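J.: For reference, the chains in residue letters:
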Amino acid sequence: MPGDPARILANEGMLPKEAVDTLVRTFNLDRPYHEQLVSYLVNAFRGDFGFSYKYYPTTVMELLLTRLPWTILLLGLATITTSIFGIVIGLVCAWKRESKTDVAALSVSIFIWAIPYFWLAMVLLYLFGYIFPIFPLGHGVTVGARHGGFVEYLGDVLWHLALPVIAITLTGYASYSLITRNTMIETLAEDYVLTAEAKGLSERQVLLRHAARNALLPLVTMIALRLGFIVSGAIFTETVFSYPGVGLLIYESIMYQDFPVLQGAFFILSVTVIVANLTADVLYSILDPRIKYR
Amino acid sequence: MFKGISQSEILRAVVATKKGKIGLTLVFFFIFMAIFADLLSPYNPFDRVGPPFAAPSTKHPLGLNDIGQDLLSELIHGARVSLLVGFAAASVRTLIGLLVGLMAGYFGGALDDWTMRFVDVLLILPSLPLMILLAAYVGQSIWNIILIISLLGWPGLARLVRSQTLTLRERPYVEAARSMGITNLSIVFTVIFPNMFPLVLANTVLDIMGAILSEAGLSFLGLGDPTHKSWGMMLYYAQQRNAFFQHLWYWIAFPGLCITLIGLGFALVGMTLDEVANPRLRRRV
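Chains as they are written, first to last, in the working numbering: chain A, 19 to 312; chain B, 267 to 551.
To be clear, the hints were calculated from the coordinates, so they are not data collected in a lab.
Quick caveat: nothing in here was measured; it's all calculated off a predicted structure.
By construction, the Cβ of each residue, glycine as well, lies at the ideal position given by its N, Cα and C atoms.
Some clues are possibly wrong.
[Unchecked claim] Rough simulated footprint, nothing fancy, chain A against chain B, three-plus residues with beta-carbon under 8 Å:
1) 382-392
2) 529-536
[Stated by the list, open to error] Now the in silico label distances, taken between C-beta atoms and shown as ranges:
3) V300(A) - D332(B): 47 to 55 Å
4) L377(B) - A122(A): 23 to 31 Å
5) I90(A) - Y403(B): 24 to 32 Å
6) I297(B) - R115(A): 33 to 41 Å
7) A321(B) - S117(A): 44 to 52 Å
8) A320(B) - E170(A): 41 to 49 Å
9) I152(A) - F455(B): 56 to 64 Å
[Claimed, not checked] No more than 27 Å apart at the CA atoms, straight line, and that leaves these computed lysine-lysine pairs for DSSO-like:
10) K284(B) - K114(A)
11) K217(A) - K114(A)
12) K285(B) - K114(A)
13) K285(B) - K118(A)
14) K118(A) - K284(B)
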């Protein structure tokens with residue numbers, strides 16, 4: 019381990035030995051590892067993740083609770099925009115299959131997909147925060163500003179969210195649109211689409227009311243599976259934009275070797291992903307009447 | 267040996283498509299850059315050749331970084347790190363994924379059940395945060411990075427290999443081989459594996475891209491190996507030294523562009539291979 023927690027806490031020799039010993043005992047650092055693991059897990063269940071090393075005596079839980087809403091806001095918004103943008107492009111490509119639009123859109127998507135998202139975030143920040151200062155240079159709200167009311171506050175927050183959300187959307191939409199396109203193409207080849215066309219329905223009606231609804235089911239699964247990616251993206255995005263979320267907390271705790279925070283943040287992040295996946299599973303069973311959970 | 271598609275056919279198929287050509291060109295460009303890095307770069311990237319943050323000049327086309335090292339030389343040497351990590355991590359991942367998938371798929375039973383459960387858990391957890399956590403704990407060395415990236419990426423391939431194994435296991439020639447007395451282990455490696463080779467290859471190439479991006483990401487967060495010049499680390503220092511506000515945009519632009527292009531190269535080659543190997547993706551009749 020890159021640093022004995024007790025030593026870090028004791029600021030490398032600035033505390034007298036008795037104080038260090040007391041600290042070690044308080045944090046159970048002198049008990050064998052497996053005991054530490056058990057006590058950690060038990061405490062975690064009760065919501066007690068211990069104290070932050072850097073921001074002592076703030077508890078890890080307090081830090082997490084302040085940061086979590088921001089991250090959820092960012093991730094929630096980003097998931098929605100990425101899904102919608104990706105699905106729409108996928109649908110358009112599927113309908114205009116093999117046409118110039120299709121090929122062009124796909125090539126652009128693949129190129130953007132290859133870009134490392136933190137780099138894209140930096141480039142966007144530079145272009146639209148510095149050169150053409152349309153968006154703010156970072157953080158969740160304008161530092162030190164006083165807001166007239168909740169609506170103004172909300173507006174400021176959204177203005178700050180714009181670039182991060184755009185960054186995550188651009189890097190993430192490609193896989194959504196690719197999967198949507200392929201699923202749609204398969205669906206469009208099914209017999210009931212032919213029937214719908216034979217019935218004389220307009221193109222749009224066939225596309226939206228018949229084909230899309232059936233293609234939507236695998237898309238829900240896809241969105242659920244991609245949640246992990248969006249969470250990973252959040253860490254980088256928050257770091258580049260200094261956005262006060264759990265991602266930035268993770269970055270900071272790495273810098274300062276604040277292990278309790280790192281572990282706690284991680285725990286929360288994993289729990290969020292698992293809960294989201296569970297929700298998606300339930301949603302899937304509701305959407306598809308053919309599936310029944312025993 | 268039974269092979270679905272021969273190796274020369276695969277290569278021909280890749281070169282035939284536009285995607286494949288572009289991809290291969292990019293890949294070979296960077297491999298060339300990596301192998302001949304010492305010859306191509308004007309200076310040794312570890313040497314301090316001038317004042318920090320010097321602007322681009324004829325002697326230093328990209329200027330100097332925060333310690334006074336030539337940025338262009340750093341850029342050229344970065345290819346080595348990316349390719350090293352990419353190939354190494356992808357190989358280890360493929361190896362583990364193959365072994366797990368083949369064993370689980372062929373022998374089935376309790377081994378299969380428990381292994382797949384473990385694989386599912388790994389698949390659900392977001393891998394990048396886990397990598398970050400591990401990297402923060404084990405210390406900054408390039409071999410640690412490679413190890414971490416490999417250990418967290420193999421479940422995808424394991425699933426794929428396992429489902430392929432399940433299908434291939436029922437083929438008549440497998441039964442024939444068994445009745446001839448060939449041992450199970452031998453069947454797995456000499457009969458079943460060669461038939462899924464193109465699919466595994468496609469996956470490995472895409473894995474290389476993933477590994478390169480993961481390394482770039484970890485380095486960007488400061489978890490990379492400071493003794494190796496990597497594009498991700500260049501971006502890390504650029505971010506730390508606020509390159510933007512010093513108009514050193516090229517410090518950020520070029521490493522990022524390189525990561526993109528090398529990733530794109532492997533992605534294109536991988537996708538083309540996938541099209542060739544995966545019958546479901548071929549043009550529908």
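J.: A separate judgement is required for each hint: does it hold in the structure or not?
T.: Each hint tested on the structure:
no.: 1; hint: 382-392; in the structure: holds (count 3)
no.: 2; hint: 529-536; in the structure: holds (count 4)
no.: 3; hint: V300(A) - D332(B): 47 to 55 Å; in the structure: holds (51 Å)
no.: 4; hint: L377(B) - A122(A): 23 to 31 Å; in the structure: violated (48 Å)
no.: 5; hint: I90(A) - Y403(B): 24 to 32 Å; in the structure: holds (27 Å)
no.: 6; hint: I297(B) - R115(A): 33 to 41 Å; in the structure: holds (35 Å)
no.: 7; hint: A321(B) - S117(A): 44 to 52 Å; in the structure: holds (47 Å)
no.: 8; hint: A320(B) - E170(A): 41 to 49 Å; in the structure: holds (45 Å)
no.: 9; hint: I152(A) - F455(B): 56 to 64 Å; in the structure: holds (59 Å)
no.: 10; hint: K284(B) - K114(A); in the structure: holds (21 Å)
no.: 11; hint: K217(A) - K114(A); in the structure: holds (21 Å)
no.: 12; hint: K285(B) - K114(A); in the structure: holds (20 Å)
no.: 13; hint: K285(B) - K118(A); in the structure: holds (16 Å)
no.: 14; hint: K118(A) - K284(B); in the structure: holds (15 Å)
Of the numbered hints stated above, the single one contradicted by the structure is hint 4.
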